[in-house]
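K.L.:
The hints should help you fit chains B and C onto chain A, whose structure is shown.
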Amino acid sequence: MRIEALAGPWLGRLSLSALPTDSPVAMGAALVAVLGVLGVAGYITGKGKWRYLWREWFTSVDHKRIGIMYVVLALVMLARAVIEALVMRLQQADAVNRSGFISAEHFGQLFSTHGSIMIFFMAMPFLTGVINYVMPLQIGARDVSFPVLNSISLMLTAAGAALVMISLVLAPFSTGGWSGYAPFTELRFSPGVGVDYWIWAVTLSSIGSTLTGINFAVTIYKKRAPGMHLFRMPLFCWTALCTSILMIFAMPALTVATALLALDRYLGMHFFTSGGGGNMMVYANLFWLFGHPEVYIVVLPSFGVFSELFSTFSAKKLYGYTSLVLATMTIAVLSFTVWLHHFFTMGQSANINAAFGIATMLIGIPTGVKVYDWILTMFRGRVRFTTPLLWGLAFLVTFVIGGLSGILLAIPPVDFLVHNTTFLVAHFHNMLIPGTLFGMIAAYQFWFPKAFGFRLEERWGRVAFGCWVIGFYLAFMPLYVLGLEGMPRRSAEVFDEAFRPWLLVAAGGAVLIVLGMAALAMQLAMSIRHRDRNRVRAGDPWDGRSLEWSTSSPPPEYNFAKLPAVQGRDAFWTMKRSGRAYPPLERYAPIMLPENSAIGPLLGALGLATAFGLVWRIGWMAGLGTAGVLVAVIGWSFVRRPGRTVDERQVERTETRWHAVLVAAVPVSREHECDPRNRGLADVAA
Amino acid sequence: MSAGSASERRRHPGLNLHESDAHPSDGEVVFGFWVFMMIDAVLFALLFAVYASLGANTAGGPGPHEVFELRPAAMETLLLLLSSFTFGIASLAMKYQRGMALLQGMLALTLLLGLGFLGLEVHDFVGMADKGALPQVSAFLSAFYALVPTHFLHVSLGCVWIVVMMVQLRMSGLDRITRTRLLRLGLFWHFLDIVWVMIFSFVFLRGLL
Amino acid sequence: MGGDGGFRRELRDYVVGLVLALGLSGAAFALVAWDPWAARTMLGVVAALAVLQLVAHFRCFLHIDLKQSHRDDLQLILFTAVIIGLMVAGSLWIILNQNQRMM
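Protein sequences appear in the order of chains A, B and C.
First residue of the first sequence: 17, per the working numbering; consecutive thereafter.
First residue of the second sequence: 20, per the working numbering; consecutive thereafter.
First residue of the third sequence: 9, per the working numbering; consecutive thereafter.
Do not take every clue at face value.
[Claimed, not checked] Covered stretches of chain B, going by a simulated chain A footprint (3 or more residues, C-beta under 8 Å):
#1 63 to 69
#2 76 to 86
#3 146 to 156
Just so you know, these hints were derived from the structure itself, not from any lab.
Every residue gets a Cβ at the ideal spot worked out from N, C-alpha and C, and that includes glycine.
Next comes chain A alone, as it looks inside the complex (with noise of 0.2 Å):
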């Protein structure tokens, strides 16, 4: 008797024809994810840490620590992404007339994939983690308004990166494209399993977004320390808020377009389907409501870290800091307001494109006197050259000229010319990679050193940062090309001689970027091997503007031992010059601060349980699963835990060492900030 026959009943539509064993690129890849996760498993294993991951970390309700896993979670998946991309450059170079070495299936699924982890798995839990760790040091709190319901999100989040991962090993996952347009993704067109992947994973990850949406915005808004009114935070804290505020409007939109399709697949009924009166357009409209404030959602971060950077690293304050607020609230309201340049060529009339069209302009408005601020704020400051500064650099170049390419799009009747071309391509990851990754990459290395108390090797890091912006340049401008000459977006094979060269220069950046991706990791890993010699555990490494920069590296795990009185923006610039940095040390109160907790865990296993079974049909899985997640969170609402206290004596051992340290460190300048002779303290005279 077959497997598959004795599985049926109990697995659903799962059997072993799942196994991707009719492609080897494909078998590969699922051989790498395994083999990735049994050796990664069996390395903890052998180090006997599961106990202490299990305590320290995944239970853990501590923003900083939950900030880390997103981040880690967002760097696994973007190599990923980028691996994906490379093979599709690749793909697409070798198939000019012939049908390449991956099948056109497989290309859907490269796509799909490639954009859907993107943007969810790892624009999201990065920048999502990024604000976690650092929004609550800059407005002076010791952890954001809802722990447990942070941990919550990052598990929600990472089961749907698990639900895509899985779909390496028993595939397919969809190739409807991030976007998953209907009526394709309908069951009608697309029977297997693939889209359903999509749908929950998607859907994971936006009940998750959505909470977070939920925790950041309480969090800025009633968390700040006494002092800190609004208009005193830094940058980036506004620009997480109004993300926040994106997230929590634009995110139901996406739950009902994939909870609507879902339907449609699962009960038969007829929301985008061909017949029985549905309309594919209500999705593109539904996906895209969300789709446009995505983009705000994933880019604002950015330009919030970027606010910090130039300031930080140009030792000035931040040139015009009303206008970029303002700027950053005009771009989230007007982000509401231009989603129909998704779908110019859909078949409204001349009159709504070209209201659409005309709002959509108006977003350059305020984009464009934040690029002026940037270009100020370094105006005759002595700019330093450091690594994070440098990616903030050639975002403020390349995200110009992507601006650009959509003011064009902006336009219908060129909108009309370029559908569905790769000058789209180009346009977006034109304005993703500088506006988000860049971004992202920054913050990450001008954070590190605030999380791990060492900061990132200088060397290793430029080598990165050459390999990914030529990189960049050599894989997308050929794009803009291409999609001028005609070429399709999304082909597995094309068919004019011509476009060869171009391809193959885009592989070429491809492959560079890749290479730069290794260097992020080769940088990593010197770090750490000589991490020694990059201490800067009292803190300040680059002479920093915000309350972040007054706390040890890594900060205590109650941030601060008294909450710090903010007089003003550039909160710890100011005190530092006033000789109100540091304060001594004195007598402590104890600290409250929240108990780890598994619900976090749990939601995420049977949110995961839940899915899977959906996906493949399998019942019992999905309804244990949901009546699991419903008598969890019925469960813990039982259960009174009243907290754990950090009590006087060991905020006041940790506040000792730390003095300590500061008492031992050498005042560095900030010329030499770079040197081994950083050890975190600035030296306020120079």
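P.N.:
Leaving out everything else, chains B and C in the frame of chain A:
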């Protein structure tokens, strides 16, 4: 103290407690719940938009005039509005400490009214199914079954929540945690009323015009 | 301090809310049952009654008013209303226009 003072001393809309009962972090929790409700509001608004977009697409199946009825919708409205009022009294019983019996009684009454509402709706859905108005028939019915049962699901969860709170009140009485939970439950319950007002106005009444 | 007077006064709020809610919904249902005007006018009246009832619920049951010193919630609600307005009005504008052009 003047008559208006109680409302001015309310530190937070929805945080209807005396100053002495409110803890600083309660404001955070209640504000967070408001944000959650606004997310829910956007969700419902989008379901309304979908309904309005697809409502005319009956695809040869029954239309609103064949499947909607005025009387049951009016009955459901009555039950839900009364339940909001009884919940209001429950929150006053909590605020002014009018005894656990009144509080629990009002919660029980709210629960009964809520269950009555759910029962009537189930009856409606079954009646619609008998007339062949299933969600698979047309886009109009799909959109209807996405919108109205989503509200139904919310009310069901609200009922579960009421039961949980009644148990927790028995177990640990009125303390900080049960208080703020009841406050949030109240917000949720009143909010579902508003959604229902939109549903009967723009689905049932509009459909029967 | 918050004695009998407060209880009565707040109870009155809820009673007023209930009466308003029942009256406004009753009016809407009754109108549709009697059907005195053309469908377009009726839809306008029903919509107006719904909006009035929305305000009544916010005021009497959810205690949102204009004289709060903490206006976070009011701002939140108004901002949500703007976003919902943009989303719903925009969607209908687009979809109904497309429907019309496909006729």
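K.L.:
Each hint: holds or not?
P.N.:
Going down the list of hints, with the structure as the test:
Judged by the Cβ-Cβ criterion of 8 Å, the stretch 63 to 69 of chain B is covered by chain A as claimed, because 3 of its residues qualify and three suffice. Here's how the stretch 76 to 86 of chain B fares: 3 of its residues keep a CB closer than 8 Å to some CB of chain A, so the rule of at least three is met and the hint holds. With 3 residues bearing a CB less than 8 Å from a CB of chain A, the stretch 146 to 156 of chain B meets the requirement of three and the coverage assertion stands.
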